[in-house]
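S.K.: Going line by line, the protein sequences match chains A and B.
Heads up: take any position in the first sequence, counting from 1, add 28, and you land on the numbering used here.
Heads up: take any position in the second sequence, counting from 1, add 3, and you land on the numbering used here.
Careful, some of the hints might be misleading.
Said to hold, decoys possible - Derived SDA-like pairs: lysine to any residue, alpha-carbon spacing no greater than 25 Å straight-line:
hint, chain 1, residue 1, chain 2, residue 2
1, B, K81, B, G97
2, B, K61, A, G71
3, A, K97, B, T107
4, A, K67, A, D189
5, A, K78, A, E148
6, B, K81, A, K97
7, A, K78, B, G137
No lab work stands behind these hints: they were computed from the structure.
As the structure is a prediction and not an experimental result, all values here were calculated from the model.
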Amino acid sequence: MCFGGSPPDQSAEIARQKEVDRQSRINEGTERINNTFSKFDDGYYSGLGKSYLDYYTPQLDTQYNDTKKQLAYKYGDQGALDSGAYNNDVARLTREYGVQRNQITDKSLEQQQGARSAVEQNRADLISQLEGGAGVESVASSALARAEAATRPPVYSPLADVFSSFTNALATSRGLQNQGYQGLPIGRSPALLGSGGNNSVKTVGP
Amino acid sequence: MCEPTTISLVVGAAMSAASMYMQKKAQDEVVNKRNEVAHAEAARETEYQHQADAVNQKTEPQFTREAQDAGINQEADKREKYIADNMPQMNLSGVPQSEGAPSTVKNDLASRLRDALSYGRNMATSQARLGAYGSNQFNNSVTLAHTNQDLGRITGYSDRSSNIAGLELGGANQAGGDQRQLADLFRLGGQAGLMYGMTGSGVRPQQAPAPVTDLGRSYVGP
Chain A
29 MCFGGSPPDQ
39 SAEIARQKEV
49 DRQSRINEGT
59 ERINNTFSKF
69 DDGYYSGLGK
79 SYLDYYTPQL
89 DTQYNDTKKQ
99 LAYKYGDQGA
109 LDSGAYNNDV
119 ARLTREYGVQ
129 RNQITDKSLE
139 QQQGARSAVE
149 QNRADLISQL
159 EGGAGVESVA
169 SSALARAEAA
179 TRPPVYSPLA
189 DVFSSFTNAL
199 ATSRGLQNQG
209 YQGLPIGRSP
219 ALLGSGGNNS
229 VKTVGP
Chain B
4 MCEPTTISLV
14 VGAAMSAASM
24 YMQKKAQDEV
34 VNKRNEVAHA
44 EAARETEYQH
54 QADAVNQKTE
64 PQFTREAQDA
74 GINQEADKRE
84 KYIADNMPQM
94 NLSGVPQSEG
104 APSTVKNDLA
114 SRLRDALSYG
124 RNMATSQARL
134 GAYGSNQFNN
144 SVTLAHTNQD
154 LGRITGYSDR
164 SSNIAGLELG
174 GANQAGGDQR
184 QLADLFRLGG
194 QAGLMYGMTG
204 SGVRPQQAPA
214 PVTDLGRSYV
224 GP
């Protein structure tokens with residue numbers, strides 16, 4: 029008072045103001061991140077699942093139809109198109125086809141979940157960065173970049189030969205026939221006559 | 004009555020009283036300031052508590068037994084429908100057969116194909132039911148991740164605010180600095196006045212000569 033006094037201690041006010049600014053920055057940044065990622069809704073994930081189905085289902089259908097034709101040619105060549113063995117093989121092939129369709133459908137759901145998980149992870153990372161002190165603008169830019177990367181079409185591998193147990197057996201049978209061995213109709217080949225051997229199912233997808 | 008020592012005593016007493024008053028004012032200001040800080044922090048903490056409650060209230064209903072059962076069923080229905088929609092519709096027309104095949108053979112093939120398809124459908128249903136648990140778990144984990152993130156953020160706000168409130172309380176202890184300085188001045192002035200008033204000059208009084216007794220012995224005493 030008499031000697032001019034010390035400057036006032038404003039450390040608490042400064043800290044409080046900084047915290048208010050920090051909260052405001054986090055709230056604003058979080059809102060911007062959420063806005064950027066809002067396009068990843070149920071419709072987006074359904075579309076992703078559909079694109080997976082659209083990619084793999086025609087390939088599976090083609091493989092199924094081709095294998096079915098090969099079976100028909102083989103049994104037709106032997107005049108056994110109306111045999112029980114042929115019916116059995118077609119039924120087994122069809123059952124296998126159903127299993128594979130299930131697998132593809134299930135995997136398309138997995139794809140949706142995987143994509144959603146990745147988006148959520150990105151969102152959480154960005155919010156953590158924000159809480160760690162990153163600026164709103166830089167985090168908003170990162171959000172845009174990550175969202176764009178997430179919307180890039182996924183790269184799928186072509187479907188593997190899921191009916192290889194049938195096609196391999198047909199090829200073996202054809203090879204034996206070419207060598208003059210006629211006694212092994214396809215329907216009685218061990219690979220095709222078994223009770224649905226464990227090796228007959230191949231996982232589809234990448 | 005108007006002797007300097009008396010005046011000094013009165014002024015000294017008045018200054019001491021003023022000092023005590025200023026001290027009290029300074030203490031009151033500190034208390035008021037601390038209360039103000041505490042009330043403001045309590046209001047902030049209450050607000051954070053409300054925010055956290057709102058987050059929990061949004062999350063908790065999803066985790067009741069009924070809601071979980073319903074969630075699993077909903078996911079199962081969704082999956083079943085999704086898989087069923089994507090299951091092939093097949094008939095005999097797609098299967099090559101010899102034209103002259105007996106009806107027994109044709110019927111046999113039709114029956115086998117029906118079995119194959121129903122096998123696929125049954126498997127799809129089982130797979131959907133099984134996958135529904137996974138889907139429900141996934142939904143739960145997404146919800147919990149959001150909840151954790153929101154609660155973590157609110158907790159962070161609350162912690163930091165409490166820390167700053169500590170600083171603010173420290174600052175509040177410095178309130179009333181002017182009054183305290185004045186009180187100190189008054190206290191010193193009061194002490195000087197009282198001392199002067201009691202001693203007359205502010206110095207120790209001269210020692211009186213020792214009384215002489217009849218016995219010729221001196222006695223020094225108070």
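S.K.: Run through the hints listed earlier and report the numbers of any the structure violates, in increasing order.
M.R.: 1, 4 and 6
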